[in-house]
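Engineer: Just so you know, the protein sequences line up as chains A and B, in that order.
Residues are numbered in our numbering as their position in the first sequence, beginning at 1, plus a constant of 9.
Residues are numbered in our numbering as their position in the second sequence, beginning at 1, plus a constant of 9.
Don't take each hint at face value.
The list treats identical chains as one, so a pair stands whether inside a single copy or across any two.
Below 20 Å or equal to it, Euclidean Cα-Cα: the simulated SDA-like pairs (lysine to any residue) are [to be verified]:
no., residue 1, residue 2
1, LYS319, SER256
2, LYS11, GLU235
3, LYS298, PRO33
4, LYS325, PHE213
5, LYS11, ASN258
6, LYS338, PRO33
7, LYS298, GLN34
The hints are simulated quantities; they were obtained by calculation from the structure and are not laboratory data.
Single-letter residue listing:
2 protein chains.
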Amino acid sequence: MKKIINEASHVVNEMLEGMVAAYPQELRRLEGYDVVVRNTLHQAKVALVSGGGSGHEPAHGGYVGRGMLDAAVAGAVFTSPTPDQVYEAIKAVDTGKGVLLIIKNYTGDVLNFEMAADMAAEDGIKVDKVIVNDDVAVENSTWTTGRRGIAGTLFVHKIAGAKAEQGACLEAVKKVAEKVIANVRTMGMALTPCTVPEAGKPSFDIGENEVEIGLGIHGEPGTHREILRKADEIVEHLMDKILADLSLNQQDEVAVMVNGLGGTPLMELFIANRKVDQILKEKGISIGKTFVGNYMTSIEMAGFSISILKLDEELKSLLLEPASTPAFKN
Amino acid sequence: MKKIINEASHVVNEMLEGMVAAYPQELRRLEGYDVVVRNTLHQAKVALVSGGGSGHEPAHGGYVGRGMLDAAVAGAVFTSPTPDQVYEAIKAVDTGKGVLLIIKNYTGDVLNFEMAADMAAEDGIKVDKVIVNDDVAVENSTWTTGRRGIAGTLFVHKIAGAKAEQGACLEAVKKVAEKVIANVRTMGMALTPCTVPEAGKPSFDIGENEVEIGLGIHGEPGTHREILRKADEIVEHLMDKILADLSLNQQDEVAVMVNGLGGTPLMELFIANRKVDQILKEKGISIGKTFVGNYMTSIEMAGFSISILKLDEELKSLLLEPASTPAFKN
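The following block holds chain A by itself, in its conformation from the complex (with noise of 0.2 Å):
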């Protein structure tokens, strides 16, 4: 195992300590746990709670601030944060607005946020949830009952952060949360596993010039192996799954994320986002914003998924509000 680590063990806690420091002013850590906090409250709107295992930074703690989450809370490597982790980042953000959970779905993860939740609630705080399912590749999964959430959930952040923002109501910002996941789909790709640091090893093994379609951001199976094509045909094969999954027309307007799984050059995820381009402006679908980047990894995995995001009105305007997070800015 090649990293830049100190102890496998000491990943998590020493990953955050360099987070906060180098975000000083934007990010604080939620003393003796581990969760990072938006410096400066603001004291009159939602909070919003996400979350999850760790090694897809940088979420989630790279996407708190204004326009975006309260906090975040970062479980071990690939593994849900505990309840009592989520229970402390609802209390530190509660300003008695209420909390919005966001989950990705994935078993471990909706359970300890919804211990979590009850837990906030016998204290008093008004908390709600939504679960993210954007992955369109498999039905079920190694940890999920239903489709698992992967990187679609960064437009979950964005659009329900902005209208928590504006001093929505917890009910408000459930609602437009709810409705970026129900337009959402993503699906993804991988060249090469990735090394959990306490697993030591590879997560799987794959030949030389295959690869896995359709996989899980903690190496989950995904639709199947085959042998490496070229990127347009790659492209093609995701996006026709995604498409034949969210019912767009000719005139509709989506927003488009191109993600980098942690290992993969941005120069090839520019060649993605090319025929991403093209196959959408082929079918007159025309595209209000692109994000291409490592948004939601999987620690060093080579490889990429690809989001489309239906806009309406609501969710273009909310999409482009401005956002000051260390790793989305807008």
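Dock chain B against chain A, hints included.
Structural biologist: Same frame as chain A, now just chain B:
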């Protein structure tokens, strides 16, 4: 070679197509050239042009925009752009206030940018240049006489860009760029080589537990190879070399960049930043601003560099000025 590409010989062209497709409001391609230009030129400012071989994305096209570059010229992967390409970039962005070329110190880049400057001068365009040589690892190298120009170049783009945006004259923009160059030092290390698409195989071989200290962003040899040590020890070594070359005293203020080479997970960059932060604070040096991410890459190389910029009031103020480019926003 496992890459998300179509043809190895098309990567630069297709990458640029995918880049301008992603940011149509910010960027346009100079038709017929591998040049990316700021979409709306600021008519009354010195223009900044940079570039170099491709493979360092988001450098340099990602830094074209308000408060940074006006044009970026993309050579073939790890190959200097030809003088005619640089010449076209200069002509496209000059508005009569003059053009500053920001060149990373590689023999081919310096030669070709200088030839382009001569061609533009014959047209009556006022052109000047600065050469960035921030890499403290080695004197002279595979493609360089003197020190190499690497990630510290970002600080030159940002600070000279802010100065130009304020309407300063060419001499003043050049002067502040030179002040950045005089005050920035960088050193890096790598865990893995990278593969130039047209070569089809890794740029060098390296043992399972071996790392290369001080290597260049094209895989040029560094100071030595060693067995992979703990992150903190690696950072200590790089910081020792940097601080031996950049005289800093208690009370001084610096900006920090922990730069990933393309294949390094953000988790590891934050772990490295944790130690950078500790070392500086122990010395009584304050940190005005920290950047952690993939700013100047070597395709999919795993590894990182540390850049330290000694700030004064002027440099800090310009560094913190707003900027809005695809890959850098303040």
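Engineer: Which earlier hints turn out false for this structure, listed by number in ascending order?
Structural biologist: 4 and 5
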